[in-house]
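Colleague: Chain by chain, the residues:
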Amino acid sequence: MDIQAELIEMIDDLFMEDITDIMDEDLYNAGILDSMGTVELIVAMEEKFGIKVPVSELGRDDWNTGNKIVAGIKGLKNA
Amino acid sequence: MLKRLALIFGPVIAAVVLVLAVLFVGPFDKHKHNLATEEQAAVSLSPTVFRQAHLKQMALSDEDHRFVPFFGSSEWNRMDAFHPAILARAYHRDYQPFLLGQKGAEALTQYFGMQQISKEMHHKKAVFFVSPQWFTKADQQGAAFQFYFSKSQALAFLKNQTGTYADRYAAKRLLKTYPNVPYRDLIQKVADGQKLSTLDLQYVKLTQTVHDNEDAYFSRYDIGDNLKNRVIPKVKELPQPYNAEQLDAKAVALGESQTRNNKFGILDNFFTNRIGRTFPALRNAQAHFDYTQSAEYSDFQLDLDQLAKTHTNAIFVIPPVNSKWAKYTGLNQGMYQAAVRKIKYQLTSQGFNNVLDLSRRGNEPFFMEDTIHLGWRGWLAFDHGVAPFLEHEQPAPTYHLNNHFISQDWNNFDPINNDVTTFK
Amino acid sequence: MMQGLIQWLQSLPNWQPYGEPKYFAFLLAFLIPIVVAMFFGRRLKIYQSLVSLGFIVVMYTGASYHQLFALVAYVIWQTIIVFAYHAYRKKYDTFPIFAGAVFLAILPLIFVKVTPAINDGNMSLLGFLGISYLTFRSVAMIMEMRDGVLTEIKLSTFLRFMLFMPTISSGPIDRYRRFEEDYDNVPTREEYLDLLEKAVWYLMLGFFYKYVLAYFFGTILLAPLKVDALAQGGFMNWPTVGVMYAYGFDLFFDFAGYSLFAVAISYLMGIKIPMNFNQPFKAASIKDFWNRWHISLSFWFRDFVFMRLVFVLVKNKIFKNRNVTSGVAYILNMLIMGFWHGVTWYYISYGLLHGIAMVLNDAWLRKKKKVNKERRLAGKGPLPSNKWTTALGIIVTFQFVMFSFLLFSGFLNQLWFHNIK
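Chains as they are written, first to last, in the numbering used here: chain A, 1 to 79; chain B, 1001 to 1424; chain C, 2001 to 2421.
Chain A with its partners taken away, still in its complex shape (with noise of 0.2 Å):
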């Protein structure tokens, strides 16, 4: 399963909001995440992809789409 597959299916186990067709939509606005849900959204990612994401890093403008949240968990993975 690839990066992508596996974060919509992680966002839906953890928030039930099927983002497969609104991955270029800012999540914050359509409600699916809030700063509770970063967080947890963060720790899933943590376990899943054994990667460290700085709750600072992950800012409202950079990390608010699902396209850019597969973008920047790959920039990490390879970092």
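By construction, these hints were calculated from the structure, which means they are not laboratory data. This one's a predicted model, so the numbers in the text were calculated from it and none came from an experiment. One should not assume that every hint holds.
Unchecked claim - 25 Å max Cα-Cα, derived DMTMM-like pairs, lysine to aspartate or glutamate: (1) K52/A - D2093/C; (2) K2373/C - D34/A; (3) K1124/B - D1167/B; (4) K2198/C - D61/A; (5) K74/A - D2093/C; (6) K1103/B - D2228/C; (7) K2367/C - D61/A; (8) K2368/C - D18/A; (9) K68/A - D34/A; (10) K1003/B - E2191/C; (11) K2287/C - D12/A; (12) K2317/C - D13/A; (13) K2282/C - D26/A; (14) K2317/C - E47/A; (15) K2369/C - E9/A; (16) K2370/C - D26/A; (17) K2091/C - E9/A; (18) K2367/C - D18/A; (19) K2320/C - E46/A; (20) K52/A - E2152/C; (21) K2287/C - D26/A; (22) K74/A - D2147/C; (23) K2315/C - E47/A; (24) K2369/C - D13/A; (25) K2373/C - D24/A; (26) K2317/C - D12/A; (27) K2022/C - E1214/B; (28) K77/A - E2152/C; (29) K2287/C - E47/A.
To be verified - Have a look at the derived ranges for each label pair, beta carbon to beta carbon: (30) S2011/C - A1285/B: 44 to 50 Å; (31) L2050/C - A1006/B: 26 to 32 Å; (32) A2231/C - D1414/B: 19 to 25 Å; (33) A2231/C - D1185/B: 37 to 43 Å; (34) T2389/C - E6/A: 32 to 38 Å.
To be verified - Take a look, some chain C residues computed to stay more than 10 Å from chain A by CB distance: (35) V2102; (36) M2307; (37) Y2346.
Ideal Cβ positions, reconstructed from N, Cα and C, are used throughout, including at glycine.
Model the placement of chains B and C on the given structure of chain A, informed by the hints.
Modeller: Okay, now just chains B and C, sitting in the frame of chain A:
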């Protein structure tokens, strides 16, 4: 680019220009006399009217209607039917009192208030109600003084002062009574006997312009409704035309009907609300009161100095205390009379010869409205003395001031055991 | 020498930031060279620092001269902690040292906030106007260094950031990385003209807020209402309801007016400080409200308190139920904010009340989500969500917020426990 800058800053510049215009030009009607406003201000007793200059200046400089400054304190608020403002109105006297001073106002407060109207007082008459209760041993309370003090008074003082002995003393007193006074640095200079620089004076003048305009915009909104509620209704109660006997009978009748709940001849309301439950505790409570030695004597000299400076012909009224009440509270009448002697000596020895001394009449029925304030027949007695002085031409006074009245020597002079006339 | 310095400081006039028209006249006059240079694409770093320093000094002159010494001591303290932690973090990353650094950074603030509560209302000598806002800035830096997102810091930029004059006394609370980027770059002329335009507008709006509306609500309306309310006394009365609304509006217009000034002056200096208010009384829910009210503070608490609390709770699986996790975090977050305002029963209950409101708000959102899902499965449309439901949300939120401000004002403390009639 320039267009964009103009769009951004154009409105700001326009606003600044407008604000400056409003501040430096003032309201269009600032030099106009408005009789209705003047009459209301004259009896309003509002702190704003006292603190600010505009309404006082407007009324006192009105050439078509004669307003006379009545300096005093809490007695002006005793507005029964025989109050000077009501008598003047009812009998169409050629003057109307402009009441200056309320509860807590004392000589120093009056001094700084006079600064604002020095031009308007020039060669005019005035009434000065001087209460021996001002002359307490404890100094004038800072809070009361600060309440009636204003920037406008400070500026007027700075502009008028010429560095005389009295000016320096006034500045020192001001700094002592109001340590954080506005324009402290300039006042300190006066106290230290330094001359204000041209720049200082320019600054005073500029600030004064702005203050005066602000005053002219706003003080008209705080003149209360004493005229409508407390003066005009009582004017209608008085007999027409003027008849001294009828007035006296009316004063007795009104006094009788309003002093039923106590044996002191005190207004029922006052006795219930102001004395009330403290009554038993007040027995002999004033036995230690002493008005004979006080810093107030030097402050009072500042007032006299100012009156002399403006060639004002003033009549001084000295009230009594309610004799029955004084007996109950133990106030020493000998001490009271000694204070009156000291005040009178300070006045007459310097050429202030118009003194209406009512101080021995506190035992006449319905003379006092409460413990220390005139009412009914007391106001009529006041009128008998004051009205002729104001209505008739008086010889110009010649004042010869003695700076020694501004001194610890005089403040501490004991008029009980010494003959006041020995003080030089 | 020291005595002479103190006397000199005492003799200087004291100018509170944005306190009176004269302050603006002088400040803007001193800013003219900065604005002109900025227009031509240059930042006068030294001049700007000197002007800032001058205006900071006159905040603490006169009777409050000792605050200037407290400020200097405080800045030295924070500089040592931040740079020591920075040096440490380059090589190591351990929790105890991180926690120790944060603790030392907030220690002066704790002293200042606790002293009045245990010392009869007397102020701590360590205190100075703006200490909380400086603490927010340095603590955020330590946290971002721990996270590894803030790796390079410069002493000169650090001092300018901490002592950024327009916002020193009451925010908005900026972040170091954001500030540094603005400071090291000069906006293009187009951008700067946009900033100028906004600055002018914010200044004017600020005047209207602070000197007209706040004066109206705070001085003309509030003072007589308080007198009436205290005269009537008792547990609750109508004038107290008036106090509630008058105080709420006064608080907003006063603080929003001040914040507009701070933002405007920052813009003139080419620093795009974040906004602090966004029409808070239009908030349709309490969560929405905290995205609109004192934004830089609530976001600071969100990023550095709430999210970290949640992180610890989730990571260590303290609570099984995620709703319990978020609830506990909301309440703790708001309680800490309450304590930060001051150690008094009314600030703390204000925080608690908002914490509970956040929990209820969240519960309602979950409920709505669930109901809508069921309705969708049952082939029905979602629950109504239109301008009427929004209006209802606004009204309810507004009343709640106003009530919480009444608590915040401390007036109930006076009415209930210190009403000397």
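Colleague: For every hint, state whether the structure bears it out.
Modeller: Do the hints match the structure? See the list:
With a C-alpha separation of about 13 Å, the suggested pair K52/A and D2093/C falls inside the 25 Å cut-off, and the hint holds. Taking the CA atoms of K2373/C and D34/A, the gap is about 19 Å. The hint holds against a cut of 25 Å. In summary, the hint linking K1124/B to D1167/B is supported, as the alpha carbons are separated by about 22 Å, within the 25 Å threshold. Simply put, K2198/C and D61/A have alpha-carbon atoms about 23 Å apart, close enough for the 25 Å limit, and the pair holds.
For the hint pairing K74/A with D2093/C, the CA-to-CA distance comes to about 24 Å; that is within 25 Å, so the pair holds. Restraint check for K1103/B and D2228/C: satisfied, since their Cα atoms lie roughly 23 Å apart, inside the 25 Å limit. In summary, the hint linking K2367/C to D61/A is not supported, as the alpha carbons are separated by about 29 Å, beyond the 25 Å threshold. The hinted pair formed by K2368/C and D18/A meets the criterion: a straight-line CA distance of about 18 Å does not exceed 25 Å.
Annotation: proposed proximity of K68/A to D34/A holds, straight-line Cα distance about 16 Å (limit 25 Å). Taking the CA atoms of K1003/B and E2191/C, the gap is near 16 Å; set against the 25 Å cutoff, the hint holds. For a cut-off of 25 Å, the pair hint linking K2287/C to D12/A stands: about 23 Å separates their Cα positions. With a C-alpha separation of about 17 Å, the suggested pairing of K2317/C with D13/A holds against the 25 Å cut-off.
For the hint linking K2282/C to D26/A, the alpha-carbon distance of about 23 Å falls within 25 Å, and the restraint holds. Taking the CA atoms of K2317/C and E47/A, the gap is near 13 Å; set against the 25 Å cutoff, the hint holds. Taking the CA atoms of K2369/C and E9/A, the gap is about 19 Å. The hint holds against a cut of 25 Å. With a CA separation close to 22 Å, the supplied pair K2370/C and D26/A stays within the 25 Å bound.
For the suggested pair K2091/C and E9/A, the alpha carbons sit about 37 Å apart, so the restraint of at most 25 Å is broken. At roughly 19 Å between alpha-carbon atoms, K2367/C and D18/A fall within 25 Å of each other, so this suggested pair holds. Restraint check for K2320/C and E46/A: the C-alpha separation of about 19 Å stays at or below 25 Å, so the hint holds. The hinted pair formed by K52/A and E2152/C meets the criterion: a straight-line CA distance of about 20 Å does not exceed 25 Å.
Only pairs whose Cα atoms come within 25 Å are accepted, and K2287/C paired with D26/A is accepted, the gap being roughly 18 Å. At most 25 Å may separate the alpha-carbon atoms for a hinted pair to count; K74/A and D2147/C meet this at roughly 19 Å. Taken as a hint, the K2315/C and E47/A pair is honoured in the structure, with Cα atoms around 10 Å apart against an allowance of 25 Å. Distance check on the hinted pair: K2369/C and D13/A sit about 15 Å apart at the alpha-carbon level, within 25 Å; holds.
Annotation: proposed proximity of K2373/C to D24/A holds, straight-line Cα distance about 23 Å (limit 25 Å). For the suggested pair K2317/C and D12/A, the alpha carbons sit about 20 Å apart, so the restraint of at most 25 Å is met. Only pairs whose Cα atoms come within 25 Å are accepted, and K2022/C paired with E1214/B is accepted, the gap being roughly 16 Å. Distance restraint check for K77/A and E2152/C: the Cα-Cα separation of roughly 23 Å lies within the 25 Å cut-off, and the hinted pair is therefore satisfied.
With a C-alpha separation of about 29 Å, the suggested pair K2287/C and E47/A falls outside the 25 Å cut-off, and the hint is violated. The hint said 44 to 50 Å for the Cβ distance between S2011/C and A1285/B, and at roughly 46 Å that hint holds. Checked against the hint of 26 to 32 Å, the C-beta distance between L2050/C and A1006/B comes to roughly 31 Å, which is consistent with it. A2231/C and D1414/B have their C-beta atoms about 46 Å apart, which leaves the hinted 19 to 25 Å range violated.
Taking 37 to 43 Å as the suggested C-beta distance range, the pair A2231/C and D1185/B conforms, at roughly 41 Å. Roughly 37 Å separates the CB atoms of T2389/C and E6/A, a value that falls within the hinted 32 to 38 Å. At roughly 14 Å from the closest C-beta of chain A, the C-beta of V2102/C stays outside 10 Å, upholding its exclusion from the interface. The beta carbon of M2307/C is not kept farther than 10 Å from every beta carbon of chain A, the shortest such distance being approximately 5 Å.
The beta carbon of Y2346/C is kept farther than 10 Å from every beta carbon of chain A, the shortest such distance being approximately 27 Å.
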